[in-house]
Amino acid sequence: MLRVKLWGTRGTVSTPVAGNARYGGNTPCVEVRTDDDVLILDAGIGLHWLGESLLADGFSRGEGCAHILVSHTHWAHIQGIPFCNPMLVAGNRFTIYGRGDGDNSLEGLLLGQMDSAFCPVPNFFDDRIGAGITISEIEALEFDIGGTHVIARLVHHVSGAVCLGYRLENGSASLAYIPDVEYLEEDHRGPSLELAAGVDLLIHDAHHTAAEYAPHRGCGHSSDQDAVDLALGAGAGKVLLFHHHPDRDDDGIDAVVTSHRNGDFPVEAAREGEDYVLGADS
Amino acid sequence: MKMTFWGVRGSFPVTAPLQLGYGGNTPCLGVEANGQTVIIDAGTGIRALGRAIVDRGQREIDILLSHTHWDHIHGFPHFDPLYRDNTRITVHSLKHEGRSLAKIFREQQRSPFFPVSLDDVKADVQFVEHEDGETFCVGSIAVTSRRLNHPGVAGGYRLEHGNSAVAYVCDADLYGPLLLAHELPASSTDDLRLQELRNRARDLAHRADWVVCDTFFLPDEYVPDWGHSSIDDGLQLAREVDAHGLLLFHHRPGRDDTELDSLQRRYQDEAGGEFDVLASKEGLEISL
Numbered sequence: 001m002l003r004v005k006l007w008g009t010r011g012t013v014s015t016p017v018a019g020n021a022r023y024g025g026n027t028p029c030v031e032v033r034t035d036d037d038v039l040i041l042d043a044g045i046g047l048h049w050l051g052e053s054l055l056a057d058g059f060s061r062g063e064g065c066a067h068i069l070v071s072h073t074h075w076a077h078i079q080g081i082p083f084c085n086p087m088l089v090a091g092n093r094f095t096i097y098g099r100g101d102g103d104n105s106l107e108g109l110l111l112g113q114m115d116s117a118f119c120p121v122p123n124f125f126d127d128r129i130g131a132g133i134t135i136s137e138i139e140a141l142e143f144d145i146g147g148t149h150v151i152a153r154l155v156h157h158v159s160g161a162v163c164l165g166y167r168l169e170n171g172s173a174s175l176a177y178i179p180d181v182e183y184l185e186e187d188h189r190g191p192s193l194e195l196a197a198g199v200d201l202l203i204h205d206a207h208h209t210a211a212e213y214a215p216h217r218g219c220g221h222s223s224d225q226d227a228v229d230l231a232l233g234a235g236a237g238k239v240l241l242f243h244h245h246p247d248r249d250d251d252g253i254d255a256v257v258t259s260h261r262n263g264d265f266p267v268e269a270a271r272e273g274e275d276y277v278l279g280a281d282s
Numbered sequence: 283m284k285m286t287f288w289g290v291r292g293s294f295p296v297t298a299p300l301q302l303g304y305g306g307n308t309p310c311l312g313v314e315a316n317g318q319t320v321i322i323d324a325g326t327g328i329r330a331l332g333r334a335i336v337d338r339g340q341r342e343i344d345i346l347l348s349h350t351h352w353d354h355i356h357g358f359p360h361f362d363p364l365y366r367d368n369t370r371i372t373v374h375s376l377k378h379e380g381r382s383l384a385k386i387f388r389e390q391q392r393s394p395f396f397p398v399s400l401d402d403v404k405a406d407v408q409f410v411e412h413e414d415g416e417t418f419c420v421g422s423i424a425v426t427s428r429r430l431n432h433p434g435v436a437g438g439y440r441l442e443h444g445n446s447a448v449a450y451v452c453d454a455d456l457y458g459p460l461l462l463a464h465e466l467p468a469s470s471t472d473d474l475r476l477q478e479l480r481n482r483a484r485d486l487a488h489r490a491d492w493v494v495c496d497t498f499f500l501p502d503e504y505v506p507d508w509g510h511s512s513i514d515d516g517l518q519l520a521r522e523v524d525a526h527g528l529l530l531f532h533h534r535p536g537r538d539d540t541e542l543d544s545l546q547r548r549y550q551d552e553a554g555g556e557f558d559v560l561a562s563k564e565g566l567e568i569s570l
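Line by line, the protein sequences are chains F and D. The first sequence begins at 1 in this note's numbering and counts up one residue at a time. The second sequence begins at 283 in this note's numbering and counts up one residue at a time.
Since the hints were made in silico from the structure, they are not lab data. Even for Gly, the Cβ is constructed at its ideal location relative to N, Cα and C. Please note that a few of the clues may not be correct.
[Claimed, not checked] If you only want the chain F side, here are some residues facing chain D, beta carbon under 10 Å, derived:
| id | residue |
| --- | --- |
| 1 | Gln79 |
| 2 | Asp103 |
| 3 | Leu109 |
| 4 | Asp115 |
| 5 | Ser116 |
| 6 | Val162 |
| 7 | Leu232 |
| 8 | Gly233 |
| 9 | Glu272 |
| 10 | Tyr276 |
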């Protein structure tokens, strides 16, 4: 079983405006719980608030353990780490998975974010401070975290970015998370189709609307139509439009969802605070 | 001068509806004089301000940066004028020992952290580092920057135009322990250095029309070493320098509208009419 909760759904930059309040303004972070493990997809600002909820749950006593899977190191996907307070509590254990870009290791990049020029808080990657944090550069693209099978695939985003999508399988439940992707050519769809094949829930980049997409071609993001097409192609059970454009307000997102109402396929927009239970009846 | 608040929140942007009355964007102010807007800090508030500046057609832009902690710079890559031709952006700060301001900004805005490298933007971006205590002109505004008690290189500003003066004292632990001990000259003692830093904050704020002050904490929340002041510290500074008004600023994430409303009332009472007290609010405009 996978229990999924959305803590950040917004792309690019946090948007503290009232018109975005329903779908949320925090940058990407998705909590996935199995019966035994806490998995976290991306570490945007939503991670701060997820962290606060973890503190109410064993992490305040230093008994917590969580695994963070980072899609890529653009700021919006890692900027919550310096504000994740359970990382300051000794005894907790965090493993952060992801990939650097060849010139830079994931560890080097995450340490750079905590550099004293940018961060007044203690560098909690320092072994002497706070939680035990392991940074795991993903080499093999398939591995297990407890009883969850993780499949990672490189997806096409924007030049210079090494970007991963993830698939999580636990029992009969499955989830695919592809927050940043662009399909400039047919080959680019392959990794996503593999990740999303038959999943219960696909969380997919829908930064643009189909109508807006043309002038943004090459900027690394999908449209809502790309997300729906991919979900259909992969036989996903449901698609959640994710990574909302910072300027798309709640009404705009509603309009996008409504445009798919007659498509005979369940399309929802990712809404901060929403949760989903996958594989409950197995 | 006219001062407009575009971001008032400390640490990181908050988006919860109950906090949006005062606003969730990280620090950014626009100070307008003679039709030119000078920007203070580049938190996420600078995103909307950047669009307003483009609409207005201003192509010479100065940003006064207090320091390079994330919440004061992470809006910069989202600043629309960066991506416009025939635009010159000058970022000012206090002098950095070691790594330059330019280098720190290039580190923020490069692959694989951000898709457009600072070297590839259209605007001409310059970085100027000033001596502590130096006064320079930005358009018709005279600007003085002084070092404050905060980890790293952090400077506050005093902006003067005609008869009016505004002080920006953020981020700073005004009355806490010395946070720059490792930079002490051998001859000086912690106590003396701390007094110096406190005097610099007082210099900036001296009889200012408004002091925009880091008031992150309430007294019972205070944590030493974080480099922030409490609202009580802000009142103490305003009293010591005979300021006309105090603007509570750099609100703690999680502090919601109801709490800020009541803090504003409580500290207005505490100021007892000696000076005005307002909680900074996104969209607030103050004419001087």
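Evaluated hints:
Satisfaction of the interface hint for F/Gln79 is found here, the shortest Cβ-Cβ separation to chain D being roughly 7 Å, below the 10 Å cut-off. Taking 10 Å as the C-beta contact cut-off toward chain D, the hint placing F/Asp103 at the interface holds, the least distance being around 8 Å. Evaluation of the F/Leu109 hint against chain D yields a held restraint, the C-beta minimum of about 7 Å falling below 10 Å. Checking F/Asp115 against chain D: minimum C-beta separation of about 8 Å stays under 10 Å; hint holds.
Against a cut-off of 10 Å between C-beta atoms, the interface hint on F/Ser116 holds, since the closest Cβ of chain D lies about 6 Å away. Below 10 Å, beta-carbon pairs count as interface contacts, and F/Val162 has one with chain D at about 6 Å; its hint therefore holds. At about 29 Å, the closest approach between the beta carbon of F/Leu232 and any beta carbon in chain D exceeds 10 Å, and the interface hint on this residue is violated. A distance limit of 10 Å between C-beta atoms decides the matter here; for F/Gly233 the minimum to chain D is near 27 Å, and the interface restraint is violated.
The restraint placing F/Glu272 at the interface with chain D holds, with a minimum CB-CB distance near 8 Å, inside the 10 Å limit. With 10 Å as the threshold, the beta carbon of F/Tyr276 stays out of range of chain D, its nearest partner Cβ sitting at about 21 Å, so the hint is violated.
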